[in-house]
Amino acid sequence: MPGLGTTFGRGGATTFVQDLENADCILIEGSNFAECHPVAFRFVMKAKERGATIIHVDPRFTRTSAVADIYAPIRSGSDIVFLGALISHVLESGKYFREYVDAFTNADYLVREDFKDTEDLDGIFSGWEAGENLNDSSILNAGTTNSGDASAIDGNKHSAYNRETWAFELEEVPRYDGNGTVKVPKRDPSQQNPRCVINVLKRHFARYTPEMVEDVCGTPREKFFQIAEALTKNSGRERTTAFAYAVGWTQHSVGVQYIRTAAILQTLLGNMGRPGGGIMALRGHANIQGATDIPTLFDLLPGYMPMPAVARKEQTLAEYLGTNTKPTGWWANTPKYFISLLKAWYGEHATAENDFCYDYLPQLTGNHSMMSTTIAMKDDEVEGYFVIGQNPSASGMNGELTSDAFEHLKWMVNIDAYETETASFWKREGTDPTTVATECFYLPSAVVLEKEGTMVNTNRMLQWHDKAIEPPGDTVTDAWIFYTLGKMFKAHYADSTDPKDRPIQHMTWDYEHPDAHERAKGEPSIHRIMKEINGYSVADGTQLKTFTELKDDGSTACGAWIYTGVAPDDTKLMSRNRKADDWVSLEWGFSWPANRRILYNRASADAAGKPWSERKKYIWWDEAQAKWTGVDVPDFPVGKAPNTPAKPGASGMDAHGGASPFMLNLDGQAQLFTAGLLKDGPMPTHYEAVASPVKNALYGQQNNPVAMEWRRSDNAYNGTDNPDYPYVLTSYRVTEMSGIMTRYIPWLAELQPAAFAELDPELAVEKHIRNGDWVTISTALGEIEARALVSGRLQPLRLGKGRRIHQIGIPYNYGTMGHATGDSPSNLIPFVMDPNVSIHEAKSGTCNIRLGRRPTRTRTVVDEAVPQHKPEGQPSLHGAQRDTPGA
Amino acid sequence: MAIKPRVDLSTLFGRAKDALRLDERIGKAPNLPSKRTQELQGRVARGKPVVSVCPYCAVGCSTLAYVSDDGKLLDVEGNPDSPVNGGHLCPKGSAIFGLTVNEARWTTAKYRAPYATEWEDKPLPWVMDRIAARVIETRERTFVRERDGKRVNHTLGIASLGGATFGSEENYILGKLLHSLGVVSIENQARI
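If you read the protein sequences in the order shown, they are chains W and H. If you use the working numbering, the first sequence corresponds to residues 986 to 1872, in order. If you use the working numbering, the second sequence corresponds to residues 3 to 194, in order.
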């Protein structure tokens, strides 16, 4: 979530669902909150009961829209125009929260003189290096891992953008200790200088007008003004507005910038860090936050530290710490967290003399994300694949390419509770299993009630679940599988003298269960694993209570510093706390970091530390006790007075003043302009989706110039304004279904028995389609069939130049297995990758629709890969750059 | 952790009414329940509630799984104590019983040999041994110590997908194990 991370310092949702009740206005966009997160939606309804204005902006009129005070339709893929126009509106009208912005943001920093905006260059920023192919090291996800100058991390050598000019003008000021000078961003407190961030922002968004919203988004102007008024009226000292979004904002080739636009708007409105405010990221899987915090992601180590990468020249521990330790702000602590992680993993073998086994960690040599890896499989560069509780053949993108890639594997392990389309890919329609050489394994795994452990909810809250029943048959927990494999590898490599086997030999793996029954089954102790994650003192094994106890000398071990405090002693688990109150509920579960529920909550008080208003009191400076206090755990050094001056040249938190709430950022301020942190721009810019029915009305540049695509015969694109595919295609989920985890449940299959495609009545008449008819939906990639759902929930949109656009919506829940079946839209959606987080574009595309069923699938796709832009000596390169400006 | 079910106020009221014989006093005809009805109990009445979390979306609704003395799952309900869901569950959460107790579940380890047309059941230890052997074999063949003079210590021959549907501790040991093997192509649903 670098959209939030690069602005505020952390990628997590900034608030908690219960606090939505305190909002005076809630903007829901990119989410069908009522249907996809129905139980949390009750807090939206409570807010409404208290008089809050609920706004829903969405391509479809859903149950969320039905209870909203204002519903505005929007063309899928155009949200940056809508949000950008809101930014322009609050800046031009002066209705932003001036005192908040002055105190807590970089509004008065001067942007470098040689920075050129999209205004100047027709949709691209300065630094574009035309003609240079992206190579795999350039798409390393440097900006997402922690706050700081990412351009300094990868050096931009291979990037399509040289981000050097996306920076602030520096000036020399005396060091705090009088020893010479130090360079800091130059500021103009009067904000008169045209290069002040606030003025740069104003110019950047000037062309994002209500008229443009009408022409590009299809959203009527009066709706836009209603929403603008509701937001500005309900933001400020006395009132706060919350934003809520989900994958409707993220799954785009410019997805990160959607979130950035929202983050800028919420900062200008002064809603961050305050009760009833913030940005609620609504995540889709029970532990998707946990699997990001303690990541099974290629580019991250636990606690948002980057994986060592060849491109960043991190061959030694000193080099790694050099690039990832920030001079100022909280990330100055990186060495403590990183060395403690190595101690947790390699125990007594990790010593200062051997750089704490730093060289045991593998190095990244490119983008090893899901789509890149799938393409590598198809090109025979991957032999074996573990797929655990995920179903890419049905729920991913380009399902046929994905399943075909599996045919190129030597072996594949599926770990799940049910047969999935992925596990049995060799049985899919149009495939003869006797031609598929892949050796396949299936391990039956326990579901949540059959094991104990921790899941982290959408607002960073760790909740422990107890084990209720024994798993059936041969079913084992995922932990058992990983633990057992670890023991088997340790046994196999026990006598090896090969240095490559030392990480396995030396890996700490002492998770024996204290309970005799579980031990006999070979189940590891989940509690012991969590204690290692929490961290302990190496000398005596004492559990640590806070991450401020962590050291960089090897005396502490800690698996994920952000979780420290969850297991503060030998027996206690804060995640198992189960005492609720009617609001913050600090004693229900444990919220990282340090049990803080609203992030950046120091911003709930003004620069002097006083609450902005009595009504919105949350955390404030208590003069008498000389500490921050309030209803939550302060997200700020507790004894640091609000009038503490910043010390230029000091390291870590000393460089921040007492009025800088965003501790993880270099300067402690919210970043309205991000200096080189994201790969596609320091400010959000509207680009059309890779498949779009219209030309970009704002700039000559059509698509995100650094989005990644694969131009191959097995990954065809519709392109722009393709008359064969005139309709907008979007996807969503339904309340009763998630995917393979629901399709086998008879109760749910009865409620949502089959796939459907939703279209508006006007298009239905035009196409002679009646409700319930079979229809075939097609893209250049393929065809799927579904039952037509003709519904007024979708309406044609009127865009600029008299263009009338129809949108078609398809649920993403179905596949061929289970009791509720149907074609998956994955067969319509090609691989396209956002440059920052490697996410795909499933929410906005184009398609055609016709009456009748599709033909039976046969093998038509050419099996040979057609690699593009593959330079010599770069075997793992698959991304090709698209739509090169000036090319 | 066992949690005592909350006292139902309407039941309390009913009991008080019965004790005072209110219905008879106001002349209402007695409505005698049958013996069977009298003996009927709620389906979770004899169950022990165990606190869990819903495995579907990320809202984190707390659940109570009612388990009989002989270890059978009776039903799953929303936990009224939770500040998040206050006892509520959506249709998916209400169907956790069906996710758990379901004859369509695959509860045996399975194997599909190259070119085979069907899965076959195999003993779990056999499958584990075979998987470990294949991992080792691939790792030995594809492990790269250096590329272009730079230490990489990795294998691109093995990849892993998934994480958001299982526990944080499980993600932790999976990540530790894979990285120690030299695997870097590790992904989960967070990209999706």
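Some hints here could point you the wrong way.
[As the list claims (entries may be wrong)] List of simulated lysine-lysine pairs, DSBU-like, C-alpha gap at most 30 Å:
#1 1564(W) / 74(H)
#2 1557(W) / 152(H)
#3 1506(W) / 152(H)
#4 19(H) / 1557(W)
#5 1412(W) / 37(H)
#6 1168(W) / 1298(W)
#7 152(H) / 1485(W)
#8 50(H) / 1472(W)
#9 1395(W) / 37(H)
#10 1612(W) / 1632(W)
#11 152(H) / 1475(W)
#12 74(H) / 1395(W)
#13 1171(W) / 1632(W)
#14 50(H) / 1506(W)
#15 1632(W) / 1680(W)
#16 152(H) / 1321(W)
#17 1475(W) / 1080(W)
#18 124(H) / 1564(W)
No wet-lab data here; the hints were simulated from the structure. In this text the structure is predicted, and so the values were computed from the model without any measurement.
Q.
Could you work out which of the previously given hints the structure breaks and list their numbers from low to high?
A. Hints 2, 3, 4, 5, 8, 9, 12, 15, 17 and 18 are the ones this structure does not satisfy, whereas the remaining hints hold.
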